[in-house]
Amino acid sequence: MAASATSWATRRGIGWWALAFWIFMLVLPLMGSAFPSESFDYYMFMGQSMMVYAIAVLGLNLLTGFNGQISLGHGAFFALGAYTAAILMIDFGWPYWATIPVVAIVCFGAGFLFGFPALKLESHYLALATFTLAIAVPQLLKHKSIAGWTGGVSGLVLEKPDPPFGLPISPDQFLFYFCLLMAMILFWAAFNLLRGRSGRAMMAIRDHGMAAGTMGIDTSLYKTITFGISALYTGIAGALSAITVAYVAPDSFALPLSIAFLVGLVVGGIGSLPGCLIGGAFLVLVQNWSQSLSDVLKETFSLQYDVPSWAIYGVLLLLLMYVMPTGIAGGVLRLRGAIAGRLRRVETVRSKPLVLQSEGEKH
Amino acid sequence: MNKTSNLLTRRKTLLAAAGMALAAPSIVTSARAENKYGPGVSDTEIKIGNTNPYSGNASAYGANGRAASAYFRMINEQGGINGRKINYISLDDGYSPPKTVELTRQLVERDGVLLLHAPLGTACNTAIHHYMNQKKVPQLFVATGASKWGDPAHNPWTMGWQPDYHTEGVIYAKHALANVKDPKIAILRQNDDMGVDYLEGFRQGLGSVAEKFIVETATYEVTDPTIDSQMLQLKNTGANVFYNITTPKFAAQAIKKAAEIGWKPAHYLVNVAASLGATLRPAGMENCQGIITAFYTKDPVDPRWASSPDFVTWKAWMEKYNAGGNIADGSNVTGYANAFTMAHVLRACGDNLTRENVMHEAASLKNVEIPMLLPGIKLNTSATNFYPIQAVNMARIEGDHWAMFGELISASQG
Amino acid sequence: MELLLQQIASGLTSGAIYACVALGLVMIYVSTDHINFAQGEMAMFSTYIAWALIQAGVSYWVAFGATMVIAFAGGLLIQRFILKPLEHAPVLALVVCFIALLSIFNSMAGVIWSFTVKQFPSPFPKGDLTGAGLVSYHQIGVVGVTVVMLGLLTCFFRFTTLGLAMRAAAQNASSARLMGVRVSWMLALGWGMAAAIGAVAGMLVAPIVFLDPNMMTGILTYGFAAALVGGIGNPGGAVIGGFVVGVLENLVGTYIIGNELKLSFALVIIVGVLLLKPAGLFGRVNVKRV
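Chains as they are written, first to last, in my numbering: chain A, 1 to 363; chain B, 1 to 414; chain C, 1 to 290.
You may find that some hints are simply not true.
[To be verified] Only pairs whose alpha carbons sit at most 30 Å apart, straight line, appear in this in silico DSS-like list of lysine-lysine:
id	chain 1	residue 1	chain 2	residue 2
1	B	K174	B	K366
2	A	K144	B	K320
3	C	K126	B	K264
4	A	K144	B	K366
5	C	K126	A	K120
6	B	K315	A	K298
7	B	K378	B	K320
Hints were generated in silico from the structure; no laboratory data involved.
Computed from a predicted structure; not experimentally measured.
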């Protein structure tokens, strides 16, 4: 059995571990039914948040990690997705699941259009342009001309969906499955995209745009479409966030959100699909860790003042970057390589504007 | 194949999470026959949750949460409430509503708190409003002045505390109408819920003449470096009334700028920014003369309270338990008085510490006096009245302090 | 018409603030080829040090000088001890480090000095030039100091060997090293100078916007835009960029779109300009060799 599953998986280029991971995720919510507990729903909610962030980071990774375009403003697409879903649900009475395709189209369109000015801007200038998006979107959402749709400064309160068909699971278990389904579809699609011709073209543009152009790759087209797909991913993550949190407000999508995606991307591993999952989990867990660490420090040394958890967060980030400058995914890879005694070529190229080893295509 | 091994990390995390879930303590519902306990309560402890912005743009408000923590630390050192120590878990939501939801669920479902005390911020409370009422967990004495918190018919598990912004706005409008001839009103407003609530109350107070009298409304974002441009716009309208709906930092900038450009309208400053220490002294007292606000707490640096017994107690508490806090910051007063109210309710619950009974006691306050509120202000609630503090007193800056004038104005919502 | 003049004057003075911050960004960019997102928080922290010195009874100018020295040393140490180990790390890893520094400085300032706003003294006389509150002496002072700093920096880069060595180290580290430039120390020096410039910016900004741990977060956005619109490698461009951003923001807010969207709209205009002039108004286009 196991052998045939492995060969099935390898034939499709999926690792045994990936398969095991997704199966584990599928089984996980059932544990709540087997061993009921008040806090299980909370862990389900955390799981939902991790997947939401993982998808958002994946969107950013497609753009930055695999195509070499930087964005400090992906929170804007996240907000666009969240509000599109919320407005469809509230003003048009759509069911939550039906909003996803519309969100995908709207966000792809927005990203694709933004991809055109992005073509002309490089590195720092593109950073500023995307930064502009991150600043403009929360302000636009509050603007009086569209406050009738967006709820203005107070945002929109949504109804949390119940499990369909009278399934004997809690709403949070159900939403976990819903997020998981979306995550599986989106990761699967990204995996296939990157493995194929388009993926190679995307990465060729990242590694050497001019050379890629000479090889006959339509770099402009690829770059704008990548921007669209990236926005689509992050937008769907936003819609899922609106559905699971059941509330959208301009304060939810301020600049720190875009920065968080970037941190998740770098910590997880630029240009790595599993890295997105790690980054998503990191974004949810790190603040709890910092908080606990702060409490521990305060008690251990019986300090008069709190050690601010954000200072601890900062120190954690610094340490992570020292130990694993290519992110946790890169770090684990390097460690594995070292252990296996065949050091892989994971060192970074200094002259390149971004990082980047191309995981997907490495042999 | 190599990349997939990275998934291990995440899998372990989730395994750990699942393990924790299984190991979570089962919730004690009743310990002794005569004692009734809700979640988070035992013979020795009452667990209370809170969220506050300790980071980000709104971090100045974090002083509220720190003050409440410090207050309960004092209560614990004095032996707790009816012999039970307060375990006050206060978490940083950075003023981000999704984070508030996550932390609230952590507090309610994982940590199993009895109730949430004074979560801060309108948007953050809105995000958990529905959840708390669905779960039937008390969301008590929220630290925001929006008017929607006192709605027992629809949301019987949520209660406000401070006088609401809307009513405060009405009071300023009435005062301006009565005291300024031919008012031309210019408004500076923070672009958020607080700003909207204050503005709508004000418009309602003006009534039908609102459109005629309000000549200009300028907004700013909390991320704006300065509001100089807005102040120039407002002055240029020739307005003789200035309604200043800002938070302390921007209020200080506005007051200073108004003085610099020689604009001297009748100046109404909202209560959230009326702290002498946090706003007016930094702006320069010479620039503040004549500014009007509505007050319900004692300003900690107002010399006239220096010898009142509750102030002396408060100051001693600040020095002993909240030494890191700024003595001039009004948040340390509201955080303290709010936590005092919570302690009062828990004490009244006796040994019946169920969520239902906590709400019942919170809705049964009769003329309760709270330290550091203005003389004469008493807390009253009932099954239909979820606005504990309903009175304010108008005050004007004279010299180095707020001089009260007029009588206590009831801010009853009716 | 009067309002227009007032808005322009007010825009120029906030522009001077943005220019100051932009200068610090340019300084680090020219010497290390990075954009330092922690620049604003470093400046804020330095300003608190100055505030603490003044509270302790030190006279303004002594505190001013001491703070510059402390900031210089601090910037130098940050480069040597925190960033040097990451010399070969990917750029985005460095960006994450800057974000880490930003949260450390911001939260530490909050714990040490609390989040309540504080008044910060101005070295310039009170009152203003016109008598109508149009241009205060402090605002003129800010513009003056910015221009002087710009002059000094330009001379430093143009006419001193050290300045030349720093530029060389940033632009082509290996060639510079071959020429005998101690590259890694040049980078540290750049950080030190940028931190000192940031400290000056902070001390000039604080009397206008009041001192608090979040003082620079909004300003950094504007400084970033200013530096880019002027051409990130060009100190003079950054200063002019600062003035452009300041005036543009005020005019857009007053006359075109209202205050709610003025920052967004101003940024959109700037991005529009960058589309036409991809290296900024005064930047030089780097010719890439393949």
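Right, here's what the structure says about each hint:
1. About 29 Å separates the Cα atoms of K174(B) and K366(B), which keeps this hinted pair within 30 Å; it holds.
2. Taking the CA atoms of K144(A) and K320(B), the gap is near 48 Å; set against the 30 Å cutoff, the hint is violated.
3. Annotation: proposed proximity of K126(C) to K264(B) holds, straight-line Cα distance about 19 Å (limit 30 Å).
4. Among the hinted pairs, K144(A) with K366(B) is inconsistent with the structure: their alpha-carbon atoms are about 42 Å apart, more than 30 Å.
5. Proposed proximity of K126(C) and K120(A) is contradicted: the alpha carbons are some 47 Å apart, above 30 Å.
6. Taken as a hint, the K315(B) and K298(A) pair is honoured in the structure, with Cα atoms around 24 Å apart against an allowance of 30 Å.
7. Of the supplied pair hints, the one linking K378(B) and K320(B) holds, its CA atoms being roughly 27 Å apart against a limit of 30 Å.
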